[in-house]
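Chain A is already provided as a structure; the job is to place chain B on it using the hints.
Protein chains: 2
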Amino acid sequence: MSCTSSFLADQAFLGNNIRVKPDCDALGALGDLGWYCIGAILWVLDYQLPHYVTALPEATLNSKGIILACNASLHWERETKTAATFYCSFLSHVSMDLTVCGSCGSLRLNDLAIPYRENMAFFRLSTGKGWTSGPEEVQVEAQLPQEALMVQEFAQLVKGIKSSGGSPDNKWPEISRKTQLVLDAVRRSIDIGCKPVYL
Amino acid sequence: MSCTSSFLADQAFLGNNIRVKPDCDALGALGDLGWYCIGAILWVLDYQLPHYVTALPEATLNSKGIILACNASLHWERETKTAATFYCSFLSHVSMDLTVCGSCGSLRLNDLAIPYRENMAFFRLSTGKGWTSGPEEVQVEAQLPQEALMVQEFAQLVKGIKSSGGSPDNKWPEISRKTQLVLDAVRRSIDIGCKPVYL
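Each protein sequence line maps, in turn, to chains A and B. Heads up, the first sequence is in our numbering, so the first residue is 381 and it goes up one at a time. Heads up, the second sequence is in our numbering, so the first residue is 381 and it goes up one at a time.
Calculated directly from the structure, the hints in this document are not laboratory data. Heads up, some of the hints might be wrong.
The list treats identical chains as one, so a pair stands whether inside a single copy or across any two.
Taking lysine-lysine pairs in the DSSO-like style, the calculated list, with each CA pair at most 30 Å apart, reads [unchecked claim]:
{"id": "1", "residue 1": "LYS575", "residue 2": "LYS461"}
{"id": "2", "residue 1": "LYS551", "residue 2": "LYS461"}
{"id": "3", "residue 1": "LYS401", "residue 2": "LYS509"}
{"id": "4", "residue 1": "LYS575", "residue 2": "LYS444"}
{"id": "5", "residue 1": "LYS539", "residue 2": "LYS575"}
{"id": "6", "residue 1": "LYS401", "residue 2": "LYS575"}
{"id": "7", "residue 1": "LYS461", "residue 2": "LYS444"}
{"id": "8", "residue 1": "LYS542", "residue 2": "LYS558"}
{"id": "9", "residue 1": "LYS444", "residue 2": "LYS509"}
{"id": "10", "residue 1": "LYS542", "residue 2": "LYS401"}
{"id": "11", "residue 1": "LYS539", "residue 2": "LYS461"}
{"id": "12", "residue 1": "LYS539", "residue 2": "LYS558"}
{"id": "13", "residue 1": "LYS558", "residue 2": "LYS575"}
{"id": "14", "residue 1": "LYS551", "residue 2": "LYS539"}
{"id": "15", "residue 1": "LYS461", "residue 2": "LYS401"}
{"id": "16", "residue 1": "LYS509", "residue 2": "LYS539"}
{"id": "17", "residue 1": "LYS444", "residue 2": "LYS401"}
{"id": "18", "residue 1": "LYS444", "residue 2": "LYS558"}
This is chain A alone, in the form it adopts within the complex:
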């Protein structure tokens, strides 16, 4: 798997945005953009945590030590040696790519976090044999934009608890918690010279 999330921040952003200040969102590009990469990668593996993560060399930090760009790899110690790399950056042209390469097929999409269109998303699926069979485009229609779906889901969960005596759905905090665990491990790996950090 590989995933990217980047955009080219302007000087105003790099000087004053809360995402580049130690006393605000101190995880920088990793906390802002890497979050989407890690979330997508965990989604592919049904939220199974990697056994360890490793930052790649040459993360770019600002003068206060905030990450402006970094690469990392995630590793699952299984027979298939499943691995993922991701890149997050405030210093590159906008990208939101996810590529998943399995044994018998692969899928690619380029608008991971913010779809190009609100009513339809697509990914390219390759399952053919041989070198020259191109991918097919799979379209997924949406009745509502993803932000509206999120609010709808949230409202239904609240309603279920307030009106129907339901209990909180553990799915969402579990996803957030696991994403944060991986994110913190990448930051730690950067801090200790790109050594592996086990989860």
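Using the frame of chain A, we list chain B on its own:
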């Protein structure tokens, strides 16, 4: 930059092909498929060698130590901290992706080594601002398949020397030599536990 080159080899290939035998093409998937990744990455930077390379953890070797799959990163020590990752594998579905993300634009193609079509290749170019401006498709027509163009180039070079008193064109051996240097450095990094290898 990121690049992949992979295909799912069958048991006959994994048992007997020259690419998985120590006394034949002993560089395995790195020598066979990684070659294309390294060549493409060097092409992007006009064949400027990286300052160092690092294999990522968990390369897959067969019982004789031949690489069946590996990830690596290449690093150029410049102000922009240019970096590339690549993945080459005999154990994954076919892929031939190149993604180049610059400051102000990015390009992507998915049929790097063997074009889907012989008379036309395309890449997707993104230069727009904002999150929702999708890429444009840039088509490049070819009068002849790439293999024919290669033979044509070779024949013209030979003719230039034999008939016109020209000297050998250093371009091609220089590209091969640099590709091999990076390839050998990745193999060395795998052998020494994924430590950086400087070129």
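Going through the hints against the structure:
{"no.": "1", "hint": "LYS575 x LYS461", "verdict": "both (18 Å within a copy, 19 Å between copies)"}
{"no.": "2", "hint": "LYS551 x LYS461", "verdict": "within (27 Å within a copy, 38 Å between copies)"}
{"no.": "3", "hint": "LYS401 x LYS509", "verdict": "between (49 Å within a copy, 25 Å between copies)"}
{"no.": "4", "hint": "LYS575 x LYS444", "verdict": "both (22 Å within a copy, 28 Å between copies)"}
{"no.": "5", "hint": "LYS539 x LYS575", "verdict": "neither (46 Å within a copy, 54 Å between copies)"}
{"no.": "6", "hint": "LYS401 x LYS575", "verdict": "within (25 Å within a copy, 32 Å between copies)"}
{"no.": "7", "hint": "LYS461 x LYS444", "verdict": "between (36 Å within a copy, 18 Å between copies)"}
{"no.": "8", "hint": "LYS542 x LYS558", "verdict": "within (27 Å within a copy, 66 Å between copies)"}
{"no.": "9", "hint": "LYS444 x LYS509", "verdict": "between (50 Å within a copy, 28 Å between copies)"}
{"no.": "10", "hint": "LYS542 x LYS401", "verdict": "neither (38 Å within a copy, 66 Å between copies)"}
{"no.": "11", "hint": "LYS539 x LYS461", "verdict": "neither (43 Å within a copy, 49 Å between copies)"}
{"no.": "12", "hint": "LYS539 x LYS558", "verdict": "within (26 Å within a copy, 63 Å between copies)"}
{"no.": "13", "hint": "LYS558 x LYS575", "verdict": "both (20 Å within a copy, 29 Å between copies)"}
{"no.": "14", "hint": "LYS551 x LYS539", "verdict": "within (16 Å within a copy, 69 Å between copies)"}
{"no.": "15", "hint": "LYS461 x LYS401", "verdict": "between (37 Å within a copy, 22 Å between copies)"}
{"no.": "16", "hint": "LYS509 x LYS539", "verdict": "neither (49 Å within a copy, 39 Å between copies)"}
{"no.": "17", "hint": "LYS444 x LYS401", "verdict": "within (8 Å within a copy, 51 Å between copies)"}
{"no.": "18", "hint": "LYS444 x LYS558", "verdict": "within (27 Å within a copy, 38 Å between copies)"}
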